[in-house]
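With the numbering used here, you'll find the sequence shown wraps up at 588, consecutive numbering, no jumps.
Keep in mind that the hints are not guaranteed to be accurate.
Cut-off 27 Å, straight-line C-alpha distance, at most; resulting in silico cross-link-like pairs (DSS-like, lysine-lysine) [stated by the list, open to error]: (1) Lys544 / Lys285; (2) Lys166 / Lys383; (3) Lys82 / Lys166; (4) Lys383 / Lys368; (5) Lys83 / Lys243; (6) Lys412 / Lys166; (7) Lys449 / Lys383; (8) Lys544 / Lys383; (9) Lys368 / Lys243; (10) Lys412 / Lys447; (11) Lys243 / Lys449; (12) Lys368 / Lys166; (13) Lys285 / Lys274.
What the hints contain is simulated information worked out from the structure, not anything from laboratory work.
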Amino acid sequence: MSQIQRSPFQSAFYVANTMEIFERLAWYGMYTLLASYIMTPTTQGGLGLGNNERGLIMGVVPFFLYLFPVISGALADRFGYKKMFLLSFTLMAPSYYLLGYVTDLVSFMSVFMLVALGAGIFKPVVTATISRTTDDTNRGLGFGIFYMMVNIGGFLGPVLAPVVQKNYGWEWVFIFACIWISVNFIPALFFYKEPERHADNKSLKQVFKEMQQVLGNGRLALAVVPLLILLVSDYAGFISDGKVTLAIAVALISIAVVWDIAVSKANAKTEQSKWYLQKMRIGNKPFMTYLLIMTGFWTVYLQIFITLPVFIRDYVDTSDLVRALHAISPWLHDIFTAVNVDTLSSEISRLASQFTSVDLLQSQVAIKEITSTISSLDVRVPKQVIIDSFTQLAQQSHSAEAVQTMSQELAKQWANDYRQMNPATILSLDFLMIILFQVLISRFIDKFKPLPTLIAGTAILSFSMLINGIGHTFVFGGLLVATSVIIFAVGEMTASPKSQEYVASFAPSDKAAMFMGYYFVSMALGNLFGGLLSGWLYDSITVKLDNPALMWAIIALLGAVTCVALYLFNRHFVDEIAQQQLEQAQVN
């Protein structure tokens, strides 16, 4: 039996992959540090916010980032990919720069939303380029290569960003993100060749009409969007009473149901009536079901960026990784585990003036604040050492010079004895694994059907979450968490490219960007639910109940539920999707 020969890749395929590297370098350089930045004290240049605010920022803004492709993908099919690339870079570059200079929640979310808009324009266009420049003979390998390029940028971002932050300050993390995005103007302007498109002669009205064929009509949007807004409002504290939230939700659902009954009794013709006279209608039911199930996948997946960095900082002793890196290369050890001694000394002096020895001995809140502040500088000091040291500092409180001298000595000692691995550096292992093994794994899983492969990858992701739950209980906690990240990478390499390949395999040729845009709906909802869930779980279970293992078990359980849902989908909807593919082939 002869093997099918793969077609060569077009030049636009390589240009798109190059732009993806720099866009991901900017995003992950910022995003893998974002959870820490949000909770870093303002005295160190961070935002100084709490877990709920972290969940709000990392849930709501990325939600819109992955929702924008629903519109931008359709517009790209209409107006051209190159124009949309340039628009996205024009939005992202200055917005990344400004992120480092806004200091309150509202301003940060507003500027971050501009970054999200630019990224939301970029995403469906680059994936549609990959889809358009590949065919059935090389699509699996093409998306595998693309995913490897994603992770080259993803690896370099979290490796370089902590070094930049420690040496130059937080604002330079965002300045460098601006620089990486600006580089992309060169390939977009001079080397990108527009792939053949089939939507040039369509009116914009026709493009938006086709969108309803997948997601559903305006009545459905009118029912769902207010419920999502209500959820975010309750989480953000805009509604202080949970009973009020529940009452409003019941009222909204009741109105939608009564509205449908009234329309039905009036015998309105769905296709010809105005949108407000139509019943709620889902577009492509199998595809929409797939997107809803994938929401669970992304909710679990995103915890590695939303929750794990804060968990490592607060609970995991990673000094074993520091020692291992020193044994491998003292030079790399000095680069990647360096502690800014001046900043640490300044924070020790400030905290010493804020808390007395009596405060320390009697107040757990004081100890927690000191520990959290110092941990944000990648130093994990035992509780008793903190109490003893600050008691000695209190005894020197009569002399500011003596306090400053002792703070400097403590900073040097703690930087040497208690330094930790930055969480972003540990997360870079995920991207490194994908760089090294994505093509190999893509070749291996290329012979398997997408959905069973996706189930296997989701199960592996869920298993890695369980390992995180016990990472803080072992002496070699850093090694265990690093192992969980590597296992996570295997699950990601197995599942994520297949999830995109599956969409590309049945997307109509004249709506490729639009369908890839709809794929991001699941990522939008995953970011929203993942961010809100992270903030709530971490605050309610990890902090208040002091039970991080339970938090990770709940996240793993959600992954298991997603696996079951994919299995049921595989049994009940695959035939219907296959029929859609056959009908599309007959049309073409």
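Each hint, compared with the structure:
For the hint linking Lys544 to Lys285, the alpha-carbon distance of about 41 Å lies beyond 27 Å, and the restraint is violated. A hinted pair counts as satisfied when its Cα atoms are at most 27 Å apart, and Lys166 with Lys383 qualifies at roughly 24 Å. In summary, the hint linking Lys82 to Lys166 is not supported, as the alpha carbons are separated by about 37 Å, beyond the 27 Å threshold. Of the pairs offered as hints, the one joining Lys383 and Lys368 holds, with about 9 Å between alpha carbons and a cut-off of 27 Å not exceeded.
Proximity of Lys83 to Lys243 is assessed by CA-CA distance (about 48 Å); at most 27 Å being required, the pair is judged violated. A threshold of 27 Å between alpha carbons decides the hint, and for Lys412 with Lys166 the separation of about 15 Å falls inside it, so the pair holds. As the CA atoms of Lys449 and Lys383 are separated by approximately 52 Å, the hinted pair breaks the 27 Å bound. Proposed proximity of Lys544 and Lys383 is supported: the alpha carbons are some 19 Å apart, at most 27 Å.
Pair hint Lys368 plus Lys243 does not hold up; C-alpha atoms about 33 Å apart against a cutoff of 27 Å. Note on Lys412 and Lys447: the hinted pairing is violated, with a Cα-Cα distance of about 56 Å set against a maximum of 27 Å. Restraint check: the Cα-Cα separation between Lys243 and Lys449 comes to about 46 Å, which exceeds 27 Å; the hinted pair is violated. This hinted pair checks out: Lys368 and Lys166 have alpha carbons roughly 23 Å apart, not beyond 27 Å.
The hinted pair formed by Lys285 and Lys274 meets the criterion: a straight-line CA distance of about 22 Å does not exceed 27 Å.
Violated hints, in rising order: 1, 3, 5, 7, 9, 10, 11; the structure is consistent with all others.
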